[in-house]
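**Q** Produce the entire structure from the sequences given, and follow the hints as far as they go.
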Amino acid sequence: MQSTRPLVRPTGFDRMLAPLHRWIWRDHERRVHKLMRFGETETDGGRDILRAAEVTSDPLLRRLYLVHAIDELRHGAMFRQRAASLLQALRSSSKPVFRADWLAPGGHGADDLEVDGESDHSMLAFLHLSEKAAASRFTVYRDVLRDDPPTYAVFDEILHDETFHMNYTLTQLARISPQHHRRHIWRARCGRLWKAYLRVASALAGVIGTLLMTVQYFVLMPPFAWLAKRGARRERQGWTAADPDAGDSLTRQY
Amino acid sequence: MQAIRSRDSIDAGSMKILGISAHYHDSAAALIIDGMPVCAVQEERLSRRKNDAAFPLLAIEWCLQHAGLEPDDLDAVVFYERPMLKFDRILTCALRAFPRSWQTFPEAMKSSLGEKVWVRGTISSYLGVPSRKILFTRHHQSHAAAAFLAAPTDRAAILTTDGVGEWATLTVGHGTRGTNGGTAITLPREVRFPHSLGMLYSAFTAYLGFAINEDEYKVMGLAGYGRPTVVDKVRRLIRQTADGAFALDLDYFEFHSTARRSYSSRFVDLFGPPRLAYEPIDLSSADGQRFADCAASVQCVLEDTLVTLARSLHEETGLSDLCLGGGVALNGLANARILAESGFTRVFVPPAPGDAGCALGAALYADRIHFGSPDRDIPDHPFWGPSVDGMELARIASEDGHPVDRCEDEDVLIGQTADDLAAGRVVGWMDGALELGPRALGHRSILASAAGTEMRDRLNREVKFRDEFRPFAPVVPIEAADRYFEIPAGGARLARFMSAVFRVRPEWRAALGAITHVDGTTRLQALDREMSPRLYALLQAYGQRTGVPVLLNTSFNLSGEPIVNRAVEGYSTFLRCGIDVLVAGQTRVTKKTSEVSRE
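In order, the protein sequences belong to chains W and A.
When we follow my numbering, the leftmost residue of the first sequence carries the number 37, and every step to the right adds one.
When we follow my numbering, the leftmost residue of the second sequence carries the number 10, and every step to the right adds one.
Just so you know, these hints were derived from the structure itself, not from any lab.
For glycine and all other residues, C-beta sits at the position ideal for the given N, C-alpha and C.
Some hints here could point you the wrong way.
What the hints assert, rightly or not - Here are the simulated lysine-lysine pairs, DSS-like style, with alpha carbons at most 30 Å apart:
#, chain 1, residue 1, chain 2, residue 2
1, A, 227, A, 242
2, A, 227, W, 231
3, A, 473, A, 59
4, A, 119, A, 142
5, A, 142, A, 125
6, A, 59, A, 600
7, A, 119, A, 59
8, A, 242, A, 125
9, W, 231, A, 473
10, A, 473, W, 265
11, W, 265, A, 125
12, W, 168, A, 59
13, A, 119, W, 265
14, A, 473, A, 227
15, W, 231, A, 119
16, A, 59, A, 125
To be verified - Chain W stretches covered by chain A per the calculated footprint, using a threshold of three residues with CB under 8 Å from any CB of chain A:
#, region
17, 114–125
18, 163–173
**A** Here is the structure:
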């Protein structure tokens, strides 16, 4: 199958990962899961861009953002519909699989962006880079899905829109900030790197926190668990008289 | 945003109390001054994230700005539940489920200890108010206060029920309002977690592939397509206790132990494979019918249980009025049966019986009961949020080249809109202050002709983008309601805030096809002229043109989005769906067809 759509050339990094993506997308259940997740990401991103359309004071940007948001929401629906179709065929063979979410990220989703507080410059720069990254990845995903023409077609159609999004965000950034648009893109690039670092750091902190809590759970909790279970056995079902002092003081948190 | 009062106009001696609900779902803030609500708004309406549970900073900021207050001016800030008591329940349940809770324990602790238990510090640091001004009501006290203190009754029995608060999942008691500080709410008995009607219904919500704490109303809608054929099976999950309460058979559930899934494998063995969230419901298939029957059965058991509890409360208190609070009070079918079968003459459900309304309830509880302020009648409407600005709509629509009318003559605007509706056009209607609560009660509504099922299908397909089985609700002038709907004695009160489901009169079902559910019922709003004069006038004008003053009234939002607040949000919704005309204040906008070039 050969796409007639304009070609978005994937980055070297994404091209290098193509074999890995081929492996990830090969499993049908994982494919369904990823499409569903992409659907959510596109929809979330669409809502954020919609918000950008609502808060900008630039009429042209408002119209373009709105078109963009409608595209993203439609992409979300396309991913979900394709996932639902694949799911119909899969219902009987459900088994847990390694989902590899972080290995094959979806579209942009502007969920870590406070849209209400962003200027038009930073929003456009952020969107341009996000669309560019998404287009690069989606090109790889499309190409590894040649054995599944309907899913291939979904990515192909979305890629066409991503090209428009990538271009208009850059054109509009140059329009509203002709002197400094490159600086805005570099700043957005640094911002994305910083946010990526924060995501990794908080994920790592989460893992360490979970580990510590799990250790405490098994080391410290057993005697308290025994007491709690004993208390539960004594607890009567049905009505319980409310603590008569409970409502007396509103200064209590307990 | 323009403040409604200047700082000088606020009496320095008046009591100013801010109520807050947050951290579970649907956070909100409400402000009362001198015992009267001034404003209240859900965080989701400002942040534009549906069911936003974050600490409601935007809502607080708007409330203070609207009233022209600084945080220092507040006499008290009341949080709607006791966070440490809630933490006690979460920790105890994790310990009771040891070692099965090992996977959820770290997440639960991180979530609670990371933010949720430090509410006093959070409020203090965000608002800069001293911690002595920060108060805590119990979760169900807040529900009870929202239901009772805002209702036009002096004495009433109170029943609150939801998923869970701190420990209580259902409370019963009574309330008395006194003019000289004698107001009291007594909730002597409660049912405790994990035995919960809300959690039972939520387990079925999850089983049927819908989102918990969000899509429970879809289960109610789906129930209309089913028959209660598995009631006996549902009754295995919940039994009546000897003292007249109820208990769940916990072997069928997992929400209390792992929180990863609401129902257990035994539940699946009993009812069959669950529906997957992305799978469409095909009611012509055996599976689709099985899901509808499950919905009908759990709905039937929920109603029976609530009617039994309410009947017993009526016998115990001997009171004629009942105030219902908590998320379960959003179940209109159950509310109608409680009115019909429990013995209470009047049943009051506030427009926001869920957690959002607790912000108002907590503030009222502190004012009337903690501070002992004299009781005052609360305006009987839900319109406590930001007002819409028609000029904003006129400006942005003009910039985009859409045809804009500024109609200073109210009668002309109402007449034009009635003509649109009579011609089968769909109208986005924004008027005055935003509603508090999940129902669009005429200030942020999508209105359409109620005649014919084609309109229902068109709205589901082109406007709301939602499941075809979902019904729509009507709005009708209260004086005309009885002509089209079978409203029992006391039913008009429940219909004030769309809190009950009643039958459409058989002779009108075909003519009102867009709002008649498959079982012949509808969740009606009977509109009082004083509550929303413009919508009332529109209904009259529409009635003059068509002979039937009944309009379809659905919330002004698209699937997965919060109800619109500002004109610009209504405008962006209008452009993305099949709404033909948008009215905000005195501005009327119709759609042009061209779109932005992609080249």
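**Q** Hints first: check each against the structure and report whether it holds.
**A** Results of checking the hints against the structure:
For the given pair, residue 227 of chain A sits about 21 Å from residue 242 of chain A by alpha-carbon distance, which is consistent with the 30 Å threshold. The suggested pairing of residue 227 of chain A with residue 231 of chain W is violated, with an alpha-carbon distance near 38 Å, which exceeds 30 Å. At roughly 15 Å between alpha-carbon atoms, residue 473 of chain A and residue 59 of chain A fall within 30 Å of each other, so this suggested pair holds. Restraint check for residue 119 of chain A and residue 142 of chain A: the C-alpha separation of about 27 Å stays at or below 30 Å, so the hint holds.
A hinted pair counts as satisfied when its Cα atoms are at most 30 Å apart, and residue 142 of chain A with residue 125 of chain A qualifies at roughly 19 Å. Distance hint between residue 59 of chain A and residue 600 of chain A is fulfilled; the C-alpha atoms sit about 27 Å from each other, no more than 30 Å. About 23 Å separates the Cα atoms of residue 119 of chain A and residue 59 of chain A, which keeps this hinted pair within 30 Å; it holds. For a cut-off of 30 Å, the pair hint linking residue 242 of chain A to residue 125 of chain A is broken: about 37 Å separates their Cα positions.
For the hint pairing residue 231 of chain W with residue 473 of chain A, the CA-to-CA distance comes to about 35 Å; that exceeds 30 Å, so the pair is violated. Straight-line distance between C-alpha atoms of residue 473 of chain A and residue 265 of chain W comes to about 48 Å, which puts the hinted pair past the 30 Å bound. Only pairs whose Cα atoms come within 30 Å are accepted, and residue 265 of chain W paired with residue 125 of chain A is accepted, the gap being roughly 25 Å. Between residue 168 of chain W and residue 59 of chain A, the direct Cα distance comes to roughly 29 Å. Compliance with the 30 Å bound is thereby established for this hinted pair.
The suggested pairing of residue 119 of chain A with residue 265 of chain W holds, with an alpha-carbon distance near 23 Å, which does not exceed 30 Å. Pair hint residue 473 of chain A plus residue 227 of chain A holds up; C-alpha atoms about 14 Å apart against a cutoff of 30 Å. Restraint check for residue 231 of chain W and residue 119 of chain A: satisfied, since their Cα atoms lie roughly 22 Å apart, inside the 30 Å limit. Of the supplied pair hints, the one linking residue 59 of chain A and residue 125 of chain A holds, its CA atoms being roughly 20 Å apart against a limit of 30 Å.
With 5 residues carrying a beta carbon less than 8 Å from a beta carbon of chain A, the region 114–125 of chain W meets the three-residue requirement, and the given coverage holds. Remark: the region 163–173 of chain W is not confirmed as covered by chain A, as 0 of its residues place a Cβ nearer than 8 Å to a Cβ of that chain, below the required three.
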